[in-house]
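Asker: Sequence:
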Amino acid sequence: MTKDTSSGAAIPRGCPLDRTFRLLSGEWTTHILWVLSNNGPTRHGELRRLVEGISSKVLTDRLRMFEKKGIVFRDYEQTIPPKVTYGLTELGLELDHALRAIGNLAKRFS
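Numbering follows this note's numbering, with no gaps: position 45 of the sequence shown is 52.
Think of the hints as simulated: they come from the structure by calculation, not from any bench.
A portion of the hints provided could be inaccurate.
Claimed, not checked - Label-pair ranges, simulated between beta-carbon atoms:
1. Ile18 x Thr67: 30 to 36 angstroms
2. Pro23 x Leu57: 26 to 32 angstroms
3. Ser117 x His38: 17 to 23 angstroms
4. Leu24 x Lys90: 32 to 38 angstroms
5. Thr86 x Lys114: 23 to 29 angstroms
6. Thr37 x Asp82: 19 to 25 angstroms
7. Tyr83 x Leu31: 23 to 29 angstroms
As the structure is a computational prediction, the values presented were derived from the model and not from experiment.
A virtual CB, placed ideally from N, CA and C, is assigned to each residue, including glycine.
All chains should be built: construct the whole structure from the sequences, respecting the hints.
Answerer: Right, dumping it as structure tokens:
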């Protein structure tokens, strides 16, 4: 359990807020979401170029996790070669708004 010292309330481990913060604290997570937010639907190769330093495997793992959580959609076109595009869902856009608000708050702390 994490103690919220401002109100004395505890944030239970595994509650929705705790799970969300754990999801967002993963390496590359916010960077990938930021790139998708700023560029709109993007192909895997382009995402990999824009998220400098990420491996293809880690990017794929993060995108699968986001897709499973309903944050990112995956659009597959059966062409040669196949065209796969990733973008933010409605939930992902809501998360983006929250992250931008946190970012604005963070600027005030620095």
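Asker: Next, verify each hint and record whether it holds.
Answerer: Structure-based check of each hint:
1. The supplied range of 30 to 36 angstroms is met by Ile18 and Thr67, whose beta-carbon atoms lie about 31 angstroms from each other.
2. Evaluation of the 26 to 32 angstroms hint for Pro23 and Leu57 yields a pass: the beta carbon distance comes to about 30 angstroms.
3. A hinted range of 17 to 23 angstroms holds for the C-beta pair Ser117 and His38, which are about 18 angstroms apart.
4. At roughly 37 angstroms, the beta carbons of Leu24 and Lys90 sit within the given window of 32 to 38 angstroms.
5. For the pair Thr86 and Lys114, the supplied restraint of 23 to 29 angstroms is violated, since their beta-carbon distance comes to about 43 angstroms.
6. Range check, Thr37 to Asp82: Cβ separation about 22 angstroms, and the 19 to 25 angstroms hint holds.
7. Hint check: Tyr83 to Leu31, Cβ distance near 26 angstroms, so the stated range 23 to 29 angstroms holds.
The structure fails hint 5 only (numbered hints given earlier).
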